[in-house]
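Asks: Sequence:
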Amino acid sequence: MGIETYLSELLPELILLVGACVLLLLGVTRAARQ
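So in this note's numbering, spot 17 of the sequence shown is number 17, and the numbers just go up one at a time.
Heads up, a few of these hints could be off.
To be verified - Okay, the calculated beta carbon distance ranges per label pair:
1. L25 x T5: 27 to 35 angstroms
2. A31 x L10: 27 to 35 angstroms
3. A31 x G2: 38 to 46 angstroms
4. Y6 x Q34: 35 to 43 angstroms
5. I3 x L25: 23 to 31 angstroms
6. Q34 x G2: 41 to 49 angstroms
7. I3 x Q34: 40 to 48 angstroms
8. E4 x Q34: 40 to 48 angstroms
9. G27 x Y6: 30 to 38 angstroms
Hints were generated in silico from the structure; no laboratory data involved.
Think of the CB as a built atom: it goes at the ideal place given N, C-alpha and C, for glycine as much as any other residue.
The task is simple: from the sequences and hints, build the whole structure.
Replies: Dropping the structure here:
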């Protein structure tokens with residue numbers, strides 16, 4: 001029960017964090033190719 005509420009509160013932040021990491025990786029790989 002506590003873990004589920006913890007996850008439900010952290011989920012949006014985790015999604016934002018993962019999205020930021022993906023964008024950062026895409027930018028790095030794009031810069032490396034050029």
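Asks: Which numbered hints are broken by the structure, listed smallest first?
Replies: Hints that this structure does not satisfy do not exist here, as all of them hold.
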